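Q: Here are the chains, one letter per residue:
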Amino acid sequence: MSDATAVEIARSVNAGESSAAKRARAANDRIAERDGVIGAYLSVTSELARTHAARVDARIAAGERLPLAGVPLAIKDNMCVTGTRTTCASKILADWIAPYTATAVQRLLDAGAIPLGKTNLDEFAMGSSCENSALGKTANPWDLGRVPGGSSGGSVAAVAGGEATVSLGSDTGGSIREPAAFCGVVGFKPTYGRVSRYGLIAFASSLDQIGPIATTVADAALVYDVMAGHDPMDATSVDRPVELASPGLREDLRGVRIGIVREFALTELDPAVRAVYERAYADLEKLGAELVEVALPTAEYGIATYYLIAPAECSSNLARFDGMRYGLRVEGRDVGATYEATRAAGFGDEVKRRILIGTYALSSGYYDAYYVRAQKARTLIAGDFAKAFASCDAIACPAAATPAFAFAAKTDPVSMYLMDYYTIPMSLAGLPSLSVPCGYVTPAGGTSPMPLGLELSAPLFAERSLLGIAHAYERGTRHAEARSIPDLPRTAVAR
Amino acid sequence: MSATLDAAAAPIAIGGVAYEVVMGIECHVELKTETKMFCGCRNVFGAEPNTNVCPVCLGMPGALPVPNRLAIELLVKAGLAFGSEIPAYSKFDRKNYFYPDMPKDYQISQFDMPLTQGGVVPFWLPDGTHGSCRLTRIHLEEDTGKSSHASRDGRIAGSTHSLVDFNRAGVPLMECVSEPDIRSAPAAVAYLEALKRTFVALGVSDVKMEEGSLRCDVNLSLRPVGQEEYGTKTEIKNMNSFNSVRRAIESEMARQAEILENGGRIVQETRGWDEAAGTTHSMRSKEQAHDYRYFPDPDLTPIEFAPLDVTRLRESLVGLPQARIDRFVSDDKLSIAQAHQIVDTPGLADYYDAATALTEKPQATANFVLGDLSRLANETGVPAGESRLGVESLAEIVALVEAKTINSKTAKDLIARVWSDGGSPREIVAAEGLGQVSDSGAIDTLVAAVLAANEKSVADYRAGKTKVMGFLVGQVMKQSRGTANPTLAEERLRAALGDGAE
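Top line first, the protein sequences correspond to chains A and B.
So in numbering that gives the first Met the number 0, spot 193 of the first sequence is number 192, and the numbers just go up one at a time.
So in numbering that gives the first Met the number 0, spot 9 of the second sequence is number 8, and the numbers just go up one at a time.
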């Protein structure tokens, strides 16, 4: 399998120069060769990939032209695909076969994408390292001793490791952007409501959003253009026309104002990391952008706000995993005991922690003090962004404060929560936001350079403008092309 | 507004003190929509278990609810019919608790911003007094599945396992909460009947208690007349007909009165009605301290009503049953029972209204509509409006009777005939000579013939057995093929028998 982009693959398959079947076979071979060490996939759907590839080739032969013809796609395992094991990387759903397909996935499949398999994640998308998976361990392809980030760690590692051309992740507080930064790929979270959530197993309904992961901004835009738009099956999906992003990709930043957030002072970062971001801001300017300082005075309350709203919603969303209708069931002496035994055995520690926090925050007597106040804070944070965007077209900041860390490096939950410091405020405001590679640092104790990501965020529904800006930055800096992942060992990491 | 004047609310004497009963009623009514509240599954009763289900109403991982617009409109219409306020902004909340027949382990309901607020349900009591009950709110929620427990008595206790049918899960359900305005068992039934006939008329629900499309809980307490503070209440559940509601209330009133009489205290609890035993029994000794952790459902956007929508829905409300009942009672001078019966029979009020517009004789028309027409409708299974007896035909018959052109016997026969065969009653009467014979000469001829042929009866009559007069009148009627004016026939018979002077 060559490392062609989705744009190139679709062009060649549509032109009859290549075929979906060939692409599916090559992708499958690459997974067989590499996934033993990377561990991106929880299940590989070779048969499904073959069937879809045959169908795509038949459609192309019949004269159809498909935007994603033959593009190998990995799908985060919290999205339903009919007939596939859909686990959320949880013991409670370890053997659950989805009876229907998520709208976003269906749109990509209809557009010619080839479903390679389902990728690892932090259990129920709760985590920032992929270490909370109950079903598998995913390594960062840049350094197998380091985490890929999370929660969409598997989808990001699959693309970074060349095991998929594009993938789908879901982002609730940074679950696409932080791992994309850690693995040196493009990870894009669209505006809340822009992509249907139907078939995405909910973590926090008011924050969850599906987005593309790719090696280039153009590929991310291609996937976004296919899956964005209103879905009658999702009442929170927004019914307004989609402004296609691909035609808006630009080569320079003349006339663009980029906001630099006063409260996100780079001085707090490690000097080597800081240097990368200072250079990134300078590059934006060099490409023609005007840098303006903007204030987000309430952004520092993002994590506290997020860790009330998201657990509150998750405590309710995860109630249905009770052993009655599907998934794991551990018998107790009566219904109540069966609930307790099933959930005790089925959920991991982080999931239980968040269910407990959320149940507490919604309890009578605490609801106003916690949940209602968090919602008010959320409104204030969104208001800060609205004010900031009065003077700029996009905001630039680090996607994460550090490069990928080593496995088991973060033992207390709060230090893990802090990994999403730069991504959570945008999630709370529902904004489109992405991470694009912006350089490398070799961390202390590390053996090889690790990628860093620049986070770019834009006003609601300004996806076209945002992807255009990211494209200009990517083309002007070519960080992703500067380095490639080290050669992978032949021995498999422990799964 | 104070509690209603209710003549049926006779005070209960307890220890020499006059007590009154105070009741509020919560009704759950399944809405009559084609599809469920949040998915496209069919909303029908009685299908094979678990056949009308999909990922959404089964609470499958990743499935999302999308509100049924028609259900929202039906509920708003129901509220508007009772003068409820429709707030510009409403929302759905999640009510969190675990139960095996609730697929998501939360119910989508409405907590602090229901679709309607306030309103009044007016009703007539059988004794002719008028009553009313204020509504607190009507809100929209989804129904749960239905559990069947494998035990001898169908209860969960002692069952080896339970089965769940999710066909009902996600059916739109409206909950009507009343203020504690009800003061007697007949008022409670009259209130429920008023709700029912309005919901049926609006097409909001078919309101069948036996199929569970109406379920109600009664909150009941006693207090000394004149005392403002409420007594301790119990909640009564599991009534499956209006009659069992009445019986359950009477039984619970008696139970509470007896406790108070003996100096005891009422325990706040939920009590189940046992139809066979005719008593209530304790279901939950004390209201469990449920914390439902309500919060706005993040899967659903708030519901906003434009004033135009509400105006459109308000304008769609025509022929509301209560207004008709009031008109039948006040303007047409029908009895309350007659008015209820006409309104509660599908299509009959329209028929009655159209016929009365022609006859201008409401009572005579009502008598035919509720008598012969209802009987024929029952016998033939065809409602009056669909029979061949059009309102014009009925109006002709009423006019013929009023003009004494035909007698009531002929009227009855004509109605049955035209019901099935059609035709103009007036023309049939003319063509077949069915007009009532009120000519003394003609009647006298018949009388003479009858007397000549029934010598024994004549003798009996003269001997004081005056009861035979009925027989003799019948013979005259028979001779006339039913056309003789019976009053005149009797008068001429008496005259011929020599006591016409009476």
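Hint data in this document are derived by calculation from the structure and do not stem from the laboratory.
Just so it is clear, the structure is predicted and the values come from calculations on it, not from any experiment.
Heads up, some of the hints might be wrong.
[Unchecked claim] To spell it out: a stretch of chain A is covered by chain B in this simulated footprint if at least three of its residues, at any positions, have a beta carbon under 8 angstroms from a beta carbon of chain B; those stretches are: (1) 19-28; (2) 96-109; (3) 209-219; (4) 281-289; (5) 313-320; (6) 323-330; (7) 361-368.
Using N, Cα and C, we set each Cβ at its ideal position, and we do this for glycine too.
Q: Run every hint past the structure and note whether it holds.
A: To see whether the hints hold, each was checked on the structure:
1. 19-28: With 0 residues in contact (Cβ-Cβ under 8 angstroms with chain B), the coverage given for the region 19-28 of chain A is violated.
2. 96-109: Our answer is that it holds, as 4 residues pass the Cβ test (under 8 angstroms) against chain B, meeting three.
3. 209-219: Violated, because only 0 residues of the region 209-219 of chain A bring their Cβ atoms closer than 8 angstroms to Cβ atoms of chain B.
4. 281-289: This one is violated; 0 residues, fewer than the three required, reach chain B with a Cβ under 8 angstroms.
5. 313-320: As far as the region 313-320 of chain A goes, the hint holds, because 5 residues have Cβ atoms under 8 angstroms from chain B.
6. 323-330: holds (count 3)
7. 361-368: holds (count 4)
Taken one by one, the earlier hints fail for this structure at numbers 1, 3, 4, listed in ascending order.
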